[in-house]
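Participant: Build the full structure now, drawing on both the sequences and the hints.
Sequential numbering of the sequence shown, starting at 1, is according to the UniProt record's numbering.
Hints in this document: simulated from the structure, not taken from any laboratory.
On a predicted model such as this, the values are computed, not experimentally measured, just so you know.
Take every hint as true, because none was put in to throw you off.
DMTMM-like mimics (lysine to aspartate or glutamate), calculated; alpha carbons at most 25 Å apart, straight line:
#, residue 1, residue 2
1, LYS287, GLU328
2, LYS499, ASP449
3, LYS453, GLU412
4, LYS547, GLU490
5, LYS325, GLU283
6, LYS366, GLU314
7, LYS499, GLU466
8, LYS545, ASP507
9, LYS375, GLU283
10, LYS540, ASP529
11, LYS450, GLU501
12, LYS547, ASP434
13, LYS504, GLU476
14, LYS336, GLU289
15, LYS316, GLU329
16, LYS349, GLU299
17, LYS317, GLU328
18, LYS317, GLU289
19, LYS356, GLU322
20, LYS317, GLU299
21, LYS387, GLU329
22, LYS497, ASP538
23, LYS304, GLU314
24, LYS461, GLU483
Have a look at the derived ranges for each label pair, beta carbon to beta carbon:
#, residue 1, residue 2, range
25, ILE132, LEU184, 14 to 24 Å
26, GLU483, GLU289, 40 to 50 Å
27, GLU370, HIS320, 32 to 42 Å
Every residue, glycine too, gets a C-beta built ideally from N, C-alpha and C.
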Amino acid sequence: MRNLLFSINDLFNRKNLYLLVFFSGILLITGIYHFMVFHLITELFSVFVAFAIFMLAYYSRERINNNYLIILGIAFLYIGLFDLIHTLTYKGMGIFEYSRANLPTQIWLIARYLESLSILAAVGLVARRKAIKFKLVFKIYTFVSLIFVFSLLIGVFPDAFLEGSGLTNFKKLSEYFIAGVLLLSLVISFINRKKFDQNIYKLMLLTITITIISELSFTVYDSVYGIANIIGHILKFISFYLIFELMLKKIIVEPQEFIFRKLKLTTEKWNLAADAANLGLWELDLKNEQLNYDQNFIEMLGYKKDKLKINLKEFKKYLHPEDLKQTEEKLQNFIKSGENVINLEYRIKVKSGQYKWMSSTGQITKRSEEGEALKMIGIQQDINQKKQSQQQLEYLSFHDNLTDLYNRRYFENEMDRLNYSRKYPLSIIIGDLDNLKIVNDNLGHKMGDKYLKMVAQIFKKLLRSEDFAARIGGDEIAVILPETNAEEVENICSRIKEKCEQLKKEDADFRDLFQVSLGCHTLNNSEQDLNQAFQRADQKMYQNKRKNKSTVK
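Facilitator: What follows is the structure in structure tokens.
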């Protein structure tokens with residue numbers, strides 16, 4: 001029983017309730033002092049609402065899966081049409097020569113028959129899982145309405161109002177029948193109450209109840225201008241408003257609330273995921289080069305909210321000079337290619353003045369009829385740490401961890417590459433750390449590591465940027481010197497020897513143990529093989545090693 005009782009506040013906010021009461025009061029006063037104006041206002045409002053209900057249902061027909069809404073939506077088109085004819089033919093309107101009260105009353109009854117039976121059908125079919133077809137319902141109502149019209153034209157529809165005696169028994173019985181149908185609708189609604197949203201259910205109960213009272217009031221008036229008729233029309237005005245609100249909530253408000261809730265939830269999930277993955281969202285209008293971005297995007301660059309406003313042209317100024325041209329070319333080629341997805345990696349200047357690596361994945365979201373790309377949307381991710389890790393791994397994969405020289409793997413790759421180069425003359429130096437084993441055995445491996453590092457530093461300081469040195473064995477260092485002739489490489493070897501002699505005197509740890517044997521060879525053209533040059537330099541190094549000299553001969 002508790003479910004049947006509800007507060008008006010459950011259905012209306014106070015503002016709407018006050019407005020409804022206010023307009024009802026205005027209509028009552030208007031009806032008392034000028035019934036025809038009152039009747040015209042209430043009926044035209046009902047017609048407008050009826051047509052609005054149909055339009056809501058019609059334009060939402062593809063996504064309506066509720067039989068209740070389909071039936072009421074179509075029914076109110078014909079209810080509105082009959083109410084409009086009722087209004088135009090009403091006694092005293094003066095639009096038609098026929099000015100008796102019977103015809104408009106008959107048309108009124110037809111509209112109320114349609115309304116009550118439609119409500120009954122709607123609540124009865126609400127539990128049906130399979131949605132009825134919109135076109136089928138439309139055809140049924142069209143057929144039934146034509147039958148009513150035909151019955152009026154040929155005069156078989158019973159009289160509803162007689163001048164001098166008032167309402168006929170048929171009219172009164174019809175109103176009771178209509179009220180009974182609506183009462184039955186209330187019972188069925190209660191039985192199917194779990195199929196309805198609670199607020200919609202309560203609104204429907206209130207609507208049907210007011211409609212019943214409205215119909216009963218039309219059984220007691222003797223004059224079409226009487227107070228009972230006025231009250232009936234006001235109650236009809238209220239019931240139509242309630243039905244319109246019910247349809248509005250089910251077709252527009254609830255779906256929108258669902259969409260916005262889902263959108264909000266999706267947005268919250270996206271924000272959580274974006275924060276966790278360090279993602280920033282951007283949107284690019286390719287026509288005017290307008291760039292829009294979210295808060296994460298701005299924070300990646302070290303700026304606070306709304307402190308950075310840039311378009312695409314200004315954004316490019318933040319790119320690293322080495323990445324700018326490549327990024328522009330890749331973007332332009334992508335736009336012309338007709339593809340939909342692009343991936344970019346670039347360095348961008350942040351607020352601190354440093355450059356950070358970013359990755360952007362973008363997708364075309366809008367094209368012109370000719371296929372021209374108009375808009376893009378994408379995400380930007382901070383991959384600076386990832387890039388640094390990759391660079392560190394790449395560095396370690398090609399460098400000796402102890403001496404910071406290149407390792408044997410890199411040296412051999414360069415040998416293969418330079419074998420086909422034209423950087424002649426090309427020279428090679430092979431160096432061997434004499435006495436490394438003695439240092440390790442007598443002074444310890446820590447001192448042996450120091451010995452290696454000192455020699456490696458000598459090589460690095462005396463070489464040019466285009467030269468590269470590699471530790472190719474435990475105590476061997478090899479150097480490749482592009483565009484270096486025999487005389488120049490001899491001078492470099494001499495300088496290495498002089499520096500070693502200097503350290504030999506300065507460092508008390510090694511004394512006479514500090515000694516490096518060197519060998520070199522030069523290729524003057526591509527007819528000679530770089531591997532053979534390496535072997536000859538290696539042979540010369542071993543010759544000098546046997547002579548226990550740090551020199552070149």
